[in-house]
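Chains as they are written, first to last, in the numbering used here: chain A, 288 to 569; chain D, 105 to 441.
Don't take each hint at face value.
What the hints assert, rightly or not - Stretch by stretch, here's where chain A covers chain D in the computed footprint (C-beta under 8 Å, at least three residues): (1) 113–127; (2) 200–210; (3) 283–296; (4) 364–373.
Unchecked claim - Sample of chain A residues lacking proximity to chain D, with all beta carbon distances greater than 12 Å (derived): (5) PRO322; (6) LEU363; (7) GLY420; (8) LEU516; (9) ALA553.
Think of the hints as simulated: they come from the structure by calculation, not from any bench. Computed from a prediction, not measured in an experiment: that's the story for all the values here. We put the CB at the ideal spot given by N, CA and C, even for glycine.
Each chain, letter by letter, is given below.
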Amino acid sequence: MTTATIPQQAPLSDIALELCALSKVYPLKRGLFQPPGELKAVNDVSLRLYRGETLGLVGESGCGKSTLAKMLLGLLAPTSGNVLINGQEVDPTHRREHARHIQPIFQDPYSSLNPRKTVAEIVGLPLKLHGIGSAAERARQVKDILDLVGMPERTHAQYPNQLSGGQRQRVAIARALILRPDILICDEPTSALDVSVQAQILNLLLDLKAEFGLTYLFISHDLGVVEHLVDRVAVMNKGSIVELQSREQLFADPQHPYTRMLLASALTPEPGLGIPALAAAA
Amino acid sequence: MSANNVLLDVKNLKVDLPTEHGMLHAVRGIDFQVSRGEMLCLVGESGCGKSMTSLALMGLLPRKAQCSADHLLFDGADLNSMSEKQLMQLRGKRMAMIFQEPMTSLNPAYTLGNQLCEAMLQQPRVTRAEARDRALYLLHRTGISNAEDRLRQYPHQLSGGLRQRVMIAMSLMCSPDLIIADEPTTALDVTIQAQILRMIRELQQEFGTAVIFITHDLGVVSRIADRVVVMYAGQVVETSDVAQLFAQPQHPYTRGLLNCIPVRGKTLPGSRLQAIPGVVPSLIGEVRGCAFRNRCALADSACESDPPMVQQGSAAASHLARCHKLGVPVSAMEVAA
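So that you can see chain A by itself, here it is in the shape it has in the complex (with noise of 0.2 Å):
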């Protein structure tokens, strides 16, 4: 495992995804005479990515995490600011060449699958989009991916419903990973699995970020799933970075007050501590 510590002036070739600036604001419609208002659902944040690296970002429902990921899938066009892949910046209007690069894991398995679809052609469709190999190329692609994130051969034929939650997460795991990406937004992938089955994703998700060298940002509201998964971690609320330290920093001597009170509201399964007890939430 890497450590967390990552040089202040790392080479600009490290830096796999950049954020400058980035805002996401939705007009509010008030009353009939009044002015809309102004929703800030992702707010001036800046963030880097560096080659090879996890970063965790965390904050609770409605504080713009998945507007923000949104932004970086090129799904949604940013207000204001802009993201760079590679140093380049991010045309939205080449959503393809984009989608090489960085792809996503979605947090429902049950709905980010075709159900009209088998299996092999869910995790062929992004090949075949792109144009890449020959039918017979495309369909060994898609047994070689769908062998390394576990799903047994008869699986291949069958369609989502005949699968368990974890099943689906492999396979939309598979297909995020079929082009080869630098780049994986996962958004809660574990958060709609039960606890055995979540380690089997997350040990999945760590081999293959060994095989592949691949570049995470983890989304999560699990403190206990992010410690152990990520090297840094962002906290963001209501639309802002509150924080961004290496995992050890953060978790030991957390500073910006709603990161305290995240950590303290995480409750680890150690019986005799009881439920602490939280100022009001603001």
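Got chain A sorted already, so can you dock chain D onto it with the hints?
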């Protein structure tokens, strides 16, 4: 545990659900007891039958479900032999339920005041003013500000955390003896979850209400429970008081569950987690033998017969586990895994 202290005594509860592919045995003969004023956690993964158990206790199972039990004694009366009318008398008044989704369990068409007071007004000799006072008191106790205004509001005007507080206030309206809370904080953020859990625990201890708390989160279990019932594939596999369960888990499934969550200071970051291999077995059709044996590192031919519940350690503390391999040391399992 003296006999008259037992509020709810469940013996051999079974719930079967007919499906297209055959009979699904969702709950396969479970026994447990709840004492007065106790927080009992039912813990297990999805599909293990914990929600079906709670619905069976409340008499809210889907119509086609088949439910049987040797007895379901609530304060000495058998719920199984009661008519729907008698159950109606009991529900809300002496047994209440808090559901997982506060979004869907409140009626969007009625004000909160209306919904809070409804169950209490069903009782004889309760005036509107009394019900309203009780509602205001409980809203205040569950940490809701401007209780007066809230009574006139509709559910959509509240956040998820506030709705769940209202649900808790509603369950307490008639001072029930037993509350069944089915994953009450799963849909909430962690900081809100901690606040709500703390409030549930405080109110439960203050009012002396027994609570059956259903969850899949072992972190929550460790902090809130007095006693724990671990369920797997429709059966109780282990039951113990909370400290004992976390200190000396006996059943391989419980051990596996505790090993597979990353814990600060114990799990080395970035190391492989000890996952439980495989998936939960299908409960459709006849299930024979230990249901965990296809995922268990210790399983052998002995596990093809149904394991009994065995008392662990001294008889003073009730700690039972359902396994043939209880004598096998913990280290053997870790090596095998």
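We went through each hint and held it up to the structure:
| no. | hint | verdict |
| --- | --- | --- |
| 1 | 113–127 | violated (count 0) |
| 2 | 200–210 | violated (count 0) |
| 3 | 283–296 | holds (count 4) |
| 4 | 364–373 | holds (count 7) |
| 5 | PRO322 | holds, 24 Å |
| 6 | LEU363 | holds, 23 Å |
| 7 | GLY420 | holds, 33 Å |
| 8 | LEU516 | violated, 7 Å |
| 9 | ALA553 | violated, 6 Å |
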